[in-house]
Amino acid sequence: MFPSGRRPILALPQVKKYYRITVDSEQCDGCRLCTVFCPLNVLEIGMETNRRMLHYASVANPLNCLGCEYCERICPTAAIFVREVNSEQEALA
Amino acid sequence: MTQHSSGDVNQQNGHPLAEMLNLNRFVFCAGCLIGTVITSLATCLKDEDLNARDYAIVSGIGCTGRSSGCFKAPAFHTTHGRAIPFATGLKLAKPSIKVFVLSGDGDLSAIGGNHLIHAARRNIDISVICVNNSVYGMTGGQAAPTTQLGDITSTTPYGNVEPPFNLVGLAAASGATYVARWPGYDTLRLQKSLRKALKRRGFSFIEIIVPCFTQYGRRNRKEGAIEMMEWLRDIVDLRVGCLPHEAVLDLNSGLAVCGEFVETDGEGFVERLQRLRDRVKEKAAARR
Amino acid sequence: MNNDNITGESRRTAAVAAAVLTSGNHACAEGAVAAGCRFFGGYPITPSSEIAELMSKRLPLLDGTFVQMEDEIASIMACLGASFAGIKAMTATSGPGISLMSESIGLAVMMEVPLVIVTVMRGGPSTGQPTNASQSDVYQVRYASHGDYELIVLSPGTVQEMYELTIRAFNLSERYRTPVILAADGILGQMMEPLFLNPKIEIEQRKLPRVGPQDYKPYQVLDEDLVPDMAIAGTEYDFYATGLTHDEMGNPRMDPEGAETLITRLSAKIQRARRQINDWETYLLEDATHVLMAYGINARGVREAVEKIRAEGYRVGMVRLKSLWPFPDELMEQLGHRIEKVVVSEMNNGMLIREVERFRHRFSVSGITVPTPVPFKPSEIYRRMIEEIAKK
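Protein sequence lines correspond, in order, to chains A, B and C. Going by our numbering, the first sequence opens with residue 36, and the numbers climb by one from there. Going by our numbering, the second sequence opens with residue 17, and the numbers climb by one from there. Going by our numbering, the third sequence opens with residue 5, and the numbers climb by one from there.
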């Protein structure tokens, strides 16, 4: 389990956390910073375009998200944010 | 730069910062980290529970100059280079407000250079966030005092022959009591620094490296937002305890020294003026 | 002049008891303090430095702020910031300083900021004659900044008026949310006369927002006077003040309509109020056929000359302008009915006379204009005026 071979006395249960990522498609301008910063390929730039004819970010693999919020922090237009939710269904919504 | 100043300032999209920001006023090129600086500052302000009553943003002219309008606060888009004296008057008249100057390198160090050094000298209690994109972006990519030697810009078509400023050294030498430099993508350290600046007294100067990939990058280094950001990441060298005049920012040889360079505590200008008033009034009362 | 001997006597005694012998510059500073000015951002320049010096002494005692900034541009910008924080602000300079401040004056107009700028005119152009007076900045004070705008400029002629018109300047700037320039000159600034400090003065304040922060629009016009309510920084109000052309929400507007609407309103705001703004004094005008027009320090000698010419039997009257801009067209139109000729006397190469010449269809216009640092001697005015009357 651990590289040194030692095991903890108290094993904490592994809890799977779910996160919902919301992208404001009109506010997003498709700069790709969030997709590049995301460590787990959660985001991609989709085929759809918004009113300004720009391709915007969308969530490709929501269950990969570990809630690091890098995308939310780096986004220059406050178009994306991450919220912890309680279930898989809410994450996929 | 896109003109996206349409729509309602009260546009809400559920984003945690939506109540702090006017989302329809983000007019920057797609991927420009000026927006990131804005959201980082907004995050810090929100975390400290500051709202329109508690702070004001003053900016000059240029790409970064458009940033003040992005805040739901008293926001002032003043003339080129004059954000700092405006902020000085605002702060002295109402010391209860936290005043931020959010402006560009050309605005603050070329035309506004004199005001920068005197504000630092006075140790006026404002935080100056200088977004350094190495060029005059808004007007088409002319050379700025931070443009590197040899760079091609629209007014140096044969290569720039003026050495650039070390803004960190300039601010520190003029008397700033908190001086730091960060790359634009390092939001965690930037936020930590901003939080420090907004809590402390005296003059704070935070330079943020946000090379312009549109006007500057396509003529010199990297043409896209991602390419520029990744290249910047390679040349940034975070140091602790580096002296201000040794804070090298050389995009040619590829070294951008970042970190905190000055952090001293001392009486700010507001406090000093108040002491003067108290002393003068006491003397006058004693005479009567 | 009061003809009632008993009350006149006591009134005069009471007034004398409250008089101070002081200089024009000091009177101006006293007027500012009386009007509620609690912020002065300044830079020394002859012949106005005394205003800054007096403010540096008075303001700390009144919990105000005096700060000597690094240059004139910083001075006026600091005053703009202070005004947005709700504090009445003033700066004082001379011709070269106004040149430096030009861009900022435009910003004050665009952002609609109450502000008083005192210029104690001196010899120009360029460094000129710092310790001498002139009236050669008449157009500069009006047109310093680029762009299409109106500006209020007041012209004091006595030390008492340095006090009173400074107060008036503050009131006008608060009422119309605009910068106001007080154009004095080097002689008036330095000379000493009795100043009667008036205990009862009316002070006006800017209009504060009448709606809550959610509904407040920084440049929305809700009244006939075209002046928007002004939110102060440090209250719950958020607002965007920009030098770009903007709409009522403060959003920058780069379309033709955006420019037309805003510029038209900013100019109309002042133009509509001409009758309340314009101020002049007449002397022996009721039956006059010829009028001498002057302003500032020069008007004093002109008045004496008028008396002398009247003594010769000529029907000469006088107008002393106490506000230079907006130029009092109404006054010109009033004069048109019975006046044959207006002679303008000013200490410059002929500036305000060009405004008067716009009314050449009503009366002839002539000038006694020399770019001189000293006011015309009454004898000189007398001699020239007699010539002008003879000339037809």
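Read the hints as simulated data drawn from the structure, not as lab findings. In this text, a Cβ means the ideal position worked out from N, Cα and C, and glycines have one as well. Misleading hints may appear alongside valid ones.
To be verified - With a straight-line cut-off of 20 Å between C-alpha atoms, the simulated SDA-like cross-links for lysine to any residue are: (1) B:Lys208 <-> A:Cys103; (2) B:Lys299 <-> C:Ile390; (3) C:Lys61 <-> B:Lys208; (4) C:Lys61 <-> B:Leu289; (5) B:Lys297 <-> C:Asp67; (6) C:Lys381 <-> C:Asn136.
Said to hold, decoys possible - With the C-beta cut set under 10 Å, the calculated list includes, among others, these residues of chain B facing chain A: (7) Pro32; (8) Leu37; (9) Phe44; (10) Ile54; (11) Thr55; (12) Ala58; (13) Ser190; (14) Gln207; (15) Met245; (16) Trp247.
Claimed, not checked - What follows is a set of in silico ranges between Cβ atoms, one per label pair, in the way DEER data are often shown: (17) B:Val296 <-> C:Glu391: 51 to 61 Å; (18) B:Ile242 <-> A:Asn85: 15 to 25 Å; (19) C:Glu384 <-> B:Val296: 46 to 56 Å; (20) B:Val296 <-> C:Gly340: 47 to 57 Å.
These are the hints, each one checked on the structure:
At most 20 Å may separate the alpha-carbon atoms for a hinted pair to count; B:Lys208 and A:Cys103 meet this at roughly 17 Å. For a cut-off of 20 Å, the pair hint linking B:Lys299 to C:Ile390 is broken: about 60 Å separates their Cα positions. Only pairs whose Cα atoms come within 20 Å are accepted, and C:Lys61 paired with B:Lys208 is rejected, the gap being roughly 42 Å. Taking the CA atoms of C:Lys61 and B:Leu289, the gap is about 13 Å. The hint holds against a cut of 20 Å.
The suggested pairing of B:Lys297 with C:Asp67 holds, with an alpha-carbon distance near 9 Å, which does not exceed 20 Å. With a CA separation close to 16 Å, the supplied pair C:Lys381 and C:Asn136 stays within the 20 Å bound. Below 10 Å, beta-carbon pairs count as interface contacts, and B:Pro32 has one with chain A at about 6 Å; its hint therefore holds. For B:Leu37, the suggested interface contact is upheld, since its CB lies about 6 Å from the closest CB of chain A, less than 10 Å.
Using the Cβ-Cβ criterion of 10 Å, the hint placing B:Phe44 at the interface with chain A is satisfied: the shortest such distance is roughly 6 Å. For the restraint placing B:Ile54 at the interface with chain A, the shortest Cβ-Cβ distance is roughly 8 Å, inside the 10 Å limit, so the hint holds. At about 5 Å, the closest approach between the beta carbon of B:Thr55 and any beta carbon in chain A falls short of 10 Å, and the interface hint on this residue holds. With a cut of 10 Å, the hint placing B:Ala58 at the interface with chain A holds, because the nearest CB-to-CB distance is about 8 Å.
Of the supplied interface hints, the one on B:Ser190 is violated, with its beta-carbon coming no nearer than about 30 Å to a beta-carbon of chain A, more than 10 Å. Nearest Cβ of chain A to the Cβ of B:Gln207: about 8 Å, under the 10 Å cut. The hint holds. Given the 10 Å rule on beta carbons, the hint for B:Met245 holds: about 7 Å separates it from the nearest Cβ of chain A. Evaluation of the B:Trp247 hint against chain A yields a violated restraint, the C-beta minimum of about 13 Å exceeding 10 Å.
At about 58 Å, the beta-carbon gap between B:Val296 and C:Glu391 stays in the expected band of 51 to 61 Å. Roughly 20 Å separates the CB atoms of B:Ile242 and A:Asn85, a value that falls within the hinted 15 to 25 Å. A hinted range of 46 to 56 Å holds for the C-beta pair C:Glu384 and B:Val296, which are about 49 Å apart. Take B:Val296 and C:Gly340: their Cβ atoms lie about 56 Å apart, and the range 47 to 57 Å holds.
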